[in-house]
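Number of protein chains: 2
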Amino acid sequence: MAFPERLLSQTTRTMGVSFIREMLKATKGVEGMISLAGGLPSPDSFPKAQLAGLFKEVIEVEGADVLQYGASEGDDILKRQILLHEGETAVDLDEVLITDGATNGIYFFSRAVIDPGDIVVCEAPSFNGSLVAIEACGAELAGAPMDEEGLIVERVRDVIRAKRAEGRTVKYIYIIPEFQNPSGRTMSLARRRDLIRTAREAEVLILEDQPYRDLRFYGERLPCLWDLARSEFGDNHTVTICKSFSKILGPGLRLGYAAGPAPLIAAMAKWAQKVIVSPEGVVQRAVARFLERGYMEPHIARITGIYRSKRDAIIVALKEMMPSGVRWTEPEGGLFIWVTCPKPIDTDALFSEAAKAGVAFIPGAKFYPPGMERRDEMRLNFSYASEADLREGVARLARLLERS
Amino acid sequence: MAFPERLLSQTTRTMGVSFIREMLKATKGVEGMISLAGGLPSPDSFPKAQLAGLFKEVIEVEGADVLQYGASEGDDILKRQILLHEGETAVDLDEVLITDGATNGIYFFSRAVIDPGDIVVCEAPSFNGSLVAIEACGAELAGAPMDEEGLIVERVRDVIRAKRAEGRTVKYIYIIPEFQNPSGRTMSLARRRDLIRTAREAEVLILEDQPYRDLRFYGERLPCLWDLARSEFGDNHTVTICKSFSKILGPGLRLGYAAGPAPLIAAMAKWAQKVIVSPEGVVQRAVARFLERGYMEPHIARITGIYRSKRDAIIVALKEMMPSGVRWTEPEGGLFIWVTCPKPIDTDALFSEAAKAGVAFIPGAKFYPPGMERRDEMRLNFSYASEADLREGVARLARLLERS
Numbered sequence: 012m013a014f015p016e017r018l019l020s021q022t023t024r025t026m027g028v029s030f031i032r033e034m035l036k037a038t039k040g041v042e043g044m045i046s047l048a049g050g051l052p053s054p055d056s057f058p059k060a061q062l063a064g065l066f067k068e069v070i071e072v073e074g075a076d077v078l079q080y081g082a083s084e085g086d087d088i089l090k091r092q093i094l095l096h097e098g099e100t101a102v103d104l105d106e107v108l109i110t111d112g113a114t115n116g117i118y119f120f121s122r123a124v125i126d127p128g129d130i131v132v133c134e135a136p137s138f139n140g141s142l143v144a145i146e147a148c149g150a151e152l153a154g155a156p157m158d159e160e161g162l163i164v165e166r167v168r169d170v171i172r173a174k175r176a177e178g179r180t181v182k183y184i185y186i187i188p189e190f191q192n193p194s195g196r197t198m199s200l201a202r203r204r205d206l207i208r209t210a211r212e213a214e215v216l217i218l219e220d221q222p223y224r225d226l227r228f229y230g231e232r233l234p235c236l237w238d239l240a241r242s243e244f245g246d247n248h249t250v251t252i253c254k255s256f257s258k259i260l261g262p263g264l265r266l267g268y269a270a271g272p273a274p275l276i277a278a279m280a281k282w283a284q285k286v287i288v289s290p291e292g293v294v295q296r297a298v299a300r301f302l303e304r305g306y307m308e309p310h311i312a313r314i315t316g317i318y319r320s321k322r323d324a325i326i327v328a329l330k331e332m333m334p335s336g337v338r339w340t341e342p343e344g345g346l347f348i349w350v351t352c353p354k355p356i357d358t359d360a361l362f363s364e365a366a367k368a369g370v371a372f373i374p375g376a377k378f379y380p381p382g383m384e385r386r387d388e389m390r391l392n393f394s395y396a397s398e399a400d401l402r403e404g405v406a407r408l409a410r411l412l413e414r415s
Numbered sequence: 012m013a014f015p016e017r018l019l020s021q022t023t024r025t026m027g028v029s030f031i032r033e034m035l036k037a038t039k040g041v042e043g044m045i046s047l048a049g050g051l052p053s054p055d056s057f058p059k060a061q062l063a064g065l066f067k068e069v070i071e072v073e074g075a076d077v078l079q080y081g082a083s084e085g086d087d088i089l090k091r092q093i094l095l096h097e098g099e100t101a102v103d104l105d106e107v108l109i110t111d112g113a114t115n116g117i118y119f120f121s122r123a124v125i126d127p128g129d130i131v132v133c134e135a136p137s138f139n140g141s142l143v144a145i146e147a148c149g150a151e152l153a154g155a156p157m158d159e160e161g162l163i164v165e166r167v168r169d170v171i172r173a174k175r176a177e178g179r180t181v182k183y184i185y186i187i188p189e190f191q192n193p194s195g196r197t198m199s200l201a202r203r204r205d206l207i208r209t210a211r212e213a214e215v216l217i218l219e220d221q222p223y224r225d226l227r228f229y230g231e232r233l234p235c236l237w238d239l240a241r242s243e244f245g246d247n248h249t250v251t252i253c254k255s256f257s258k259i260l261g262p263g264l265r266l267g268y269a270a271g272p273a274p275l276i277a278a279m280a281k282w283a284q285k286v287i288v289s290p291e292g293v294v295q296r297a298v299a300r301f302l303e304r305g306y307m308e309p310h311i312a313r314i315t316g317i318y319r320s321k322r323d324a325i326i327v328a329l330k331e332m333m334p335s336g337v338r339w340t341e342p343e344g345g346l347f348i349w350v351t352c353p354k355p356i357d358t359d360a361l362f363s364e365a366a367k368a369g370v371a372f373i374p375g376a377k378f379y380p381p382g383m384e385r386r387d388e389m390r391l392n393f394s395y396a397s398e399a400d401l402r403e404g405v406a407r408l409a410r411l412l413e414r415s
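Respectively, the protein sequence lines represent chains A and B.
With this note's numbering applied, the first sequence covers 12 to 415.
With this note's numbering applied, the second sequence covers 12 to 415.
No lab work stands behind these hints, which were simulated from the structure alone.
From a predicted model like this one, the values you see are computed outputs, not experimental measurements.
Fair warning: there could be bad hints in the mix.
Unchecked claim - Each pair of labels, with its calculated beta carbon distance range:
no., chain 1, residue 1, chain 2, residue 2, range
1, A, D126, B, G316, 33 to 41 Å
2, B, Y229, A, K39, 47 to 55 Å
3, A, G128, B, E364, 14 to 22 Å
4, A, G128, B, R208, 38 to 46 Å
5, A, D103, B, P381, 32 to 40 Å
6, A, D126, B, E165, 37 to 45 Å
7, B, E331, A, D126, 54 to 62 Å
8, A, K330, B, T100, 54 to 62 Å
9, B, R208, A, D55, 56 to 64 Å
10, A, K330, B, E99, 55 to 63 Å
11, A, E151, B, G382, 47 to 55 Å
What the hints assert, rightly or not - Stretch-level coverage of chain B by chain A, calculated; a stretch enters the list once three of its residues show a Cβ under 8 Å from a Cβ in chain A:
no., stretch
12, 111-117
13, 135-147
14, 283-295
15, 370-380
Cβ coordinates follow ideal geometry from the N, Cα and C atoms, glycine included.
Based on the provided sequences and hints, a complete structural model is requested.
Structure, rendered in structure tokens:
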């Protein structure tokens, strides 16, 4: 007898999957395929020797502690090292939750605040992997458009007003202000202040997703919204930030953290207790020791060097090879470039053609909340492929776009 | 301004916490306290030297793979080693999901099948940590009583009938058949068969939680329900099993797995993708290599030796010291003994007194689904304290019970 589909819950039957992870499966391991699709860090960026030594040492020396049950809130030793590293020593430990990566923090945040049917305002486009996690908690997404300066805050106010006029509850604004996924754009300082002001006036929360913040190649580091709200507005309840070690040390470690108001962090920990019991102990302590020994700064300097060079290589290739009418962002950091094609091109259709031609990307439509899809855009990743492959991948795409 | 409580979701505001974890916090680190409260493995049981070597080696040799993004379903190399180790080579990889411990599997299973208001039938008493995770997914618990042979299946049928008469949907039966938490009881083979028959006739699922299965000190190993359903009933969709490496290698590793019907495992993986993205990569591969090198069998032989000796020590102490009228289970494995006091004693009230006297346990009422609480029972853990402390802890409890 086959498993009866009716036994699955309504949410499970109807919820989306991460298209990106599905597409990655489809293009992985294909002979000669150059993938500009995923958001995979370069394996050259992993600090293997340091991590190998620390994992061994932590199990040998602190094994009785790190192999035992730990706190759902995460390891205090790691929390302290993170706050020291970030220069946030005024933050209390109960304002921090260690998570299994940033997505895990976004999920717990959403569980903590979302009642079914609540509205979450997001950038359009935004990261599909986060959007499906937010929707799985029963939220409905409402997108607000971006321009080169990032999310257009005036349009956020319009969305909140419109949804409230429909009698809906707007719970929070989800935003990736730095080197945004997928667009590569960075939100300007003026817009950051305006967004905090808007959220405070509307009494909605902000969930700030910052997985790429440390990967800045050019330009000046801007204060994150979490910091701005605390320092300029004296507000420590509006913004919660999620960060991740995935793009810095390796996504296989599944390690990140959330920082926000203590009562909300406590509510997220109540969910963590039920969903994962606690984060993994060995990984937490090994990363704590990595920070403590001062390995992080030189490591970040080394990997931003790798990524800056890759970013420059793909920009040069795009400039040299792309047919006229094609435009792209020039990000100051992160992993992604956002390409806009002349209107008649449908990047959903182009995807299969490109796969045949040996190059993969993610069609832009995958990054929009339902109903707002645009089909003339695509996301290119430059962190994983070699510089030679980045160049060849762009050449293959350029030939296809010329023919289209 | 304080964080506004109204911004938390309805479920978050009303859901329970794991009393056990809260109680552990309250009694942890108190000078002279002997804790028989938690379910902590003995630190002596952790194979530190082997794990330290394997973690280092896996990062050095396979770092580019294990530090990278992995499959939400878990590492195929680990899945294959688990199936080999369990002698389950007829099982397909897509019938297995690697999880962040057994609780994580129970959560994903519940998310995959529970619609708000669905009924889950559980043993009364059962493990509080699982029950709150199941309730957090919107299920309502309905307990069925146990006797020395485990869950009374006739009473399960009564519960299903009664709930259906009320128009409710019964989704699954949650059961810990081996060395049950908290009772230490093991379900008889006849009851196992009867439960599978009952579930099949009623068209409900069974979630079999087996975290202690490998810790058997006495008696003969019984087939698990998952195996029985497949081998004797030719049924590979009714039972899903959750197992864990927490009690074998260390709970800090947060590693377990679920095995069940492929469509349900796929649905659980859809949740994993959104909640944790994937299990931790280094831990998965290190444990795969641990199994591959044949470290597991001698390791289990060593730790069951440790725990058998502790179990015998606490049973001897109970026999010598407990006042007449007090009864307890004599488990063939696992971590727990269930003590039933003469009726006038309220173990909830006894808890604070005992804490003052320097001994901690978990009051029995904490393990019952709402409305079924009994106050004359307590759970004693024998895996964590030294044999001398087990004896002294029982002596302190016995003195209190004599005075009561």
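Now for the hints, and whether the structure bears them out:
no., hint, verdict
1, D126/A <-> G316/B: 33 to 41 Å, "51 Å, violated"
2, Y229/B <-> K39/A: 47 to 55 Å, "49 Å, holds"
3, G128/A <-> E364/B: 14 to 22 Å, "48 Å, violated"
4, G128/A <-> R208/B: 38 to 46 Å, "41 Å, holds"
5, D103/A <-> P381/B: 32 to 40 Å, "34 Å, holds"
6, D126/A <-> E165/B: 37 to 45 Å, "40 Å, holds"
7, E331/B <-> D126/A: 54 to 62 Å, "55 Å, holds"
8, K330/A <-> T100/B: 54 to 62 Å, "55 Å, holds"
9, R208/B <-> D55/A: 56 to 64 Å, "57 Å, holds"
10, K330/A <-> E99/B: 55 to 63 Å, "56 Å, holds"
11, E151/A <-> G382/B: 47 to 55 Å, "35 Å, violated"
12, 111-117, "holds (count 4)"
13, 135-147, "holds (count 4)"
14, 283-295, "holds (count 11)"
15, 370-380, "violated (count 0)"
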